[in-house]
Structure formats: C-alpha cells, structure tokens
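Mind docking chain B on chain A? Use the hints.
Now for the letters of each chain:
Protein chains: 2
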Amino acid sequence: MNSYSSKLVENAVNELARLPGIGRKTALRLVLHLLKKEEIATISLGNAIMKMRGEIMFCSECFNISDSEVCEICANQNRTKETICVVEDIRDVMAIENTGQFKGVYHILGGIISPMDGIGPHDLQIDSLIKRVAQGNIQEIIMALSTTIEGDTTNFYIYKKIKDYNVTISTIARGIAIGDELEYTDEVTLGRSILNRMPYESTLSK
Amino acid sequence: MNSYSSKLVENAVNELARLPGIGRKTALRLVLHLLKKEEIATISLGNAIMKMRGEIMFCSECFNISDSEVCEICANQNRTKETICVVEDIRDVMAIENTGQFKGVYHILGGIISPMDGIGPHDLQIDSLIKRVAQGNIQEIIMALSTTIEGDTTNFYIYKKIKDYNVTISTIARGIAIGDELEYTDEVTLGRSILNRMPYESTLSK
Chain A
304 MNSYSSKLVE NAVNELARLP GIGRKTALRL VLHLLKKEEI ATISLGNAIM KMRGEIMFCS
364 ECFNISDSEV CEICANQNRT KETICVVEDI RDVMAIENTG QFKGVYHILG GIISPMDGIG
424 PHDLQIDSLI KRVAQGNIQE IIMALSTTIE GDTTNFYIYK KIKDYNVTIS TIARGIAIGD
484 ELEYTDEVTL GRSILNRMPY ESTLSK
Chain B
304 MNSYSSKLVE NAVNELARLP GIGRKTALRL VLHLLKKEEI ATISLGNAIM KMRGEIMFCS
364 ECFNISDSEV CEICANQNRT KETICVVEDI RDVMAIENTG QFKGVYHILG GIISPMDGIG
424 PHDLQIDSLI KRVAQGNIQE IIMALSTTIE GDTTNFYIYK KIKDYNVTIS TIARGIAIGD
484 ELEYTDEVTL GRSILNRMPY ESTLSK
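Each protein sequence line maps, in turn, to chains A and B. For the first sequence, my numbering assigns the number 304 to the initial residue and increments by one for each residue that follows. For the second sequence, my numbering assigns the number 304 to the initial residue and increments by one for each residue that follows.
No lab work stands behind these hints: they were computed from the structure. Please note: incorrect hints may appear among the correct ones.
The list makes no distinction among identical chains, and a pair is therefore deemed to hold if it is satisfied within one copy or across any two copies.
Derived DMTMM-like pairs: lysine to aspartate or glutamate, alpha-carbon spacing no greater than 25 Å straight-line [to be verified]: (1) LYS406 x GLU504; (2) LYS463 x ASP392; (3) LYS434 x GLU504; (4) LYS434 x GLU490; (5) LYS354 x GLU342; (6) LYS339 x GLU372; (7) LYS340 x GLU372; (8) LYS354 x GLU341; (9) LYS464 x ASP395; (10) LYS354 x GLU318; (11) LYS384 x GLU372; (12) LYS340 x GLU313; (13) LYS463 x GLU375; (14) LYS310 x ASP392; (15) LYS340 x GLU318; (16) LYS328 x GLU318; (17) LYS384 x GLU364.
These numbers were taken from a predicted model, which means no experiment stands behind them.
The following block holds chain A by itself, in its conformation from the complex (with noise of 0.2 Å):
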C-alpha cells in the first residue's frame, strides 16, 4: 500500500528528500507546512528555484553566478582588475565582500580539486584562469581556498601552471582567529602561525 495515501505528496517528498541535507521526514514536514499555507506560496517557491535555474548565467570573466554576461563585480569600474582573488564559490565571495577589505576582481573555480569526489582540474576553470593570466595586464593571484588537503591541491597545482608567469602568487594569511584562545588551537595551526610570524609593527596599523 501506498504509505503516503497520496501520490502528489509521495511524489513531493521523493524530489525534497534529494536534496543535500533532507531527509525523508524532513520533506514531509515541508510538505505539510506548504499544504497550510496559502497555495500561492508554493507557486512562487516553485517558480523563484524553476526561474532561477533556467534563466542563471555565469559571468564570462570571473564565472561568478550572475544575472547578466559580466557580473556586477567585474562591470564595476572602481575595482582594480589586476588582482584576482581565486575562490572555490559564490559563497567565498559573498563573505569576502563582507570584510570589505578587497577591492580587486575574482575568479570562481566552480569547486576544488578532489579526487574522491571524482572532480578533477578539467571539471573546474582553471584553464579559464591561466588564459586570463597569460593575457597580461595581472599583477597579482590571491589564492583563497579552504585550509584542507583539497584546497592545498588546487592551490598546489594553479601555483605551477601560472608561476612562469611574471605574476605574484600569494595565499591568504593563515594563523589563530582574532578572538581565539591560545590553548585551545590545534598545534598545526599554531606551528604555522609560529613559522610565519610577522613583524609586530605591521599589525599596529590594521
């Protein structure tokens, strides 16, 4: 027998529950809570994601998710386009716009390099990077990916298809977080930012 005693909502369930994070009870209570509301709630949730997915481009310099064929960053004239922070996805970019310390471009890779998840460099655009470098006109590549095995790997390999490049490379600073307690750091992170200590001075005028 049919467990649900609908089809339309075993159905709704069904496509719910793939996405990343719900489950199978999780979909049906947001099944149940759009059944409450009004209908015209779920016809605009159904559109916005459906609109949303049809109509998405990404921007043909930085490949950033944009409404139009170059993004708002990349249109902006009062940002440097010389330095190009690297990032694994909107979400990176989102939360460096938020520190409002980068006034240059980015370039979105779409991922990072990963092979259990079966994604290789030629899944991501790292190709489309290295063509903007070897354009010219770039004076500097901010590689800001995560602090894991992954993110060293990509950081890793950019590094060698674009250092005979005459191009700077730098990696963002890593070190304890403002507001972390010395003891409770992990030691790698503590070794590190032991090695890359900096001179006290420097940090007097931020």
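Positioned in the frame of chain A, the structure of chain B alone reads:
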C-alpha cells in the same frame, strides 16, 4: 550592493528560507546544489511541489490528504468503519499504519488545540468528527494525540462533545516504551504506568 550577485539566486534563497528549519545559509547551499545539477532536476522538483499543492484533496470522510474524493483507507472495504482513530495529521496515520495493528478508519484533526499558536477548536476538523459520531454506526473513538498539554486539552474538548453519544471513548495506552529501562523513565510516565497497571495475563497473548 546586492551581496548575492544575482537577483535570481537571491529570490530563490528568500523563498527557500521561508520554509521551517531552513535558514539563509542552508537555502544558499540548496540553490548552489541545484545549479550544479541538470536543469531537469530543478524543473521536476518545482513541478512536483506546485502540482502537489494545486491538485491535493482532502478525504471527505476522514480529512486525510488524498488524491481522490475518498482516501484509500476509507475506500478500503476490509476496514471496519465502526472504529475511528483520531489523530493530528497524516504523519500519525503513517506511524499507526506501519504498526499493522489497526484495522479501523481515521479522523484527521489537522492539528491540536493550541491557544499559544492561535489554533482553536474551529480551526480543526472537530465539528466534522462530532457529525460522524452523531450519524451513528460508530462503536469506538480511539484518541491518539500527543501526550502534551495541547494533546490533553484537545482530548478533553472532544470527550466533552461526544460523551453523550452511545460510543466508547478510549485513548492509546501510555506507559514505559518497550525496551526502555525503568531508571531512565521520567516520573510522570512511571507514575501513570503504575496507576494504569494491567493484568499480567493480558500481556502474554500479545
């Protein structure tokens, strides 16, 4: 500045974040997931929830969610119509159906009386339950609501409304869950299970 870099993404995130238990970070994760998958996956998700909301019906007898005028359980000739189990929503029906222990029919209230949430008796399918009882041919009403204050209030409200009809009103047994250890059981449950003790022989035949 629009921190999502895309109005389409922002819109989809806003709609998803309206769902219970889904915040803006989770919503963005779901959006990025959908963007990585084939477009057809998003279309079938969108269609499934819109079709579900638009075409869903409620069984005219028990008010369960149904694809037809009368749900599968009410339409089943092998189930006795003389015993009605009163539950809050379809999840309880599914849980009870999974036990395989109930051969009667249901009545789905669509919630429980909860003044805090602004849910009164007239927001629920209580009048329709009284009507079913008043029509006769019902032998027993089994109350199967949550053991919360709201559940107890709803039980008592319904009890007062139907006690004068010639019908047995029972409630599902409360006690120590099978497999539970006594020392970890809360005192209210333990106290009630002593007050409501049952003949030992009656447990042998199960």
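Verification of the supplied hints:
1. When the C-alpha separation of LYS406 and GLU504 is checked against a cutoff of 25 Å, the pair qualifies only within one copy, where the shortest distance is 24 Å, while the shortest distance between copies is 80 Å.
2. For the homomeric pair LYS463 and ASP392, the shortest alpha-carbon distance inside one copy (22 Å) is at most 25 Å, but the shortest distance between copies (60 Å) is not.
3. Within a single copy, LYS434 and GLU504 get their C-alpha atoms no closer than 38 Å, and across copies no closer than 82 Å, so neither meets the 25 Å cut-off.
4. Within a single copy, LYS434 and GLU490 get their C-alpha atoms no closer than 38 Å, and across copies no closer than 71 Å, so neither meets the 25 Å cut-off.
5. For a Cα distance limit of 25 Å, the shortest separation of LYS354 from GLU342 qualifies both inside one copy, at 18 Å, and across copies, at 10 Å.
6. In the homo-oligomer, the alpha carbons of LYS339 and GLU372 lie at most 25 Å apart only across protomers (19 Å), although the nearest pairing inside one protomer, at 40 Å, exceeds that limit.
7. Within a single copy, LYS340 and GLU372 get their C-alpha atoms only as close as 37 Å, which misses the 25 Å cut-off; across copies the closest is 21 Å, which meets it.
8. With identical chains, the CA atoms of LYS354 and GLU341 are at most 25 Å apart both within one copy (21 Å) and between copies (14 Å).
9. Only within a single protomer do LYS464 and ASP395 lie at most 25 Å apart by alpha-carbon distance; the minimum there is 23 Å, versus 59 Å between protomers.
10. In this assembly of identical chains, the alpha carbons of LYS354 and GLU318 lie at most 25 Å apart whether taken from the same copy (17 Å) or from different copies (12 Å).
11. For the homomeric pair LYS384 and GLU372, the shortest alpha-carbon distance inside one copy (17 Å) is at most 25 Å, but the shortest distance between copies (63 Å) is not.
12. Taking the closest pair of Cα atoms, LYS340 and GLU313 come within 25 Å of each other both inside a single copy (18 Å) and across two copies (22 Å).
13. Taking the shortest alpha-carbon separations for LYS463 and GLU375, neither the intra-copy value of 30 Å nor the inter-copy value of 65 Å comes in at or below 25 Å.
14. Taking CA atoms no more than 25 Å apart as the test, LYS310 paired with ASP392 passes between copies only; the shortest distance there is 17 Å, against 37 Å inside one copy.
15. Both within a single protomer and between protomers do LYS340 and GLU318 lie at most 25 Å apart by alpha-carbon distance, with minima of 19 Å and 13 Å respectively.
16. Taking identical chains as interchangeable, the C-alpha atoms of LYS328 and GLU318 lie at most 25 Å apart whether they share a chain (13 Å) or sit on different chains (20 Å).
17. In this assembly of identical chains, the alpha carbons of LYS384 and GLU364 lie at most 25 Å apart only when taken from the same copy (11 Å versus 68 Å across copies).
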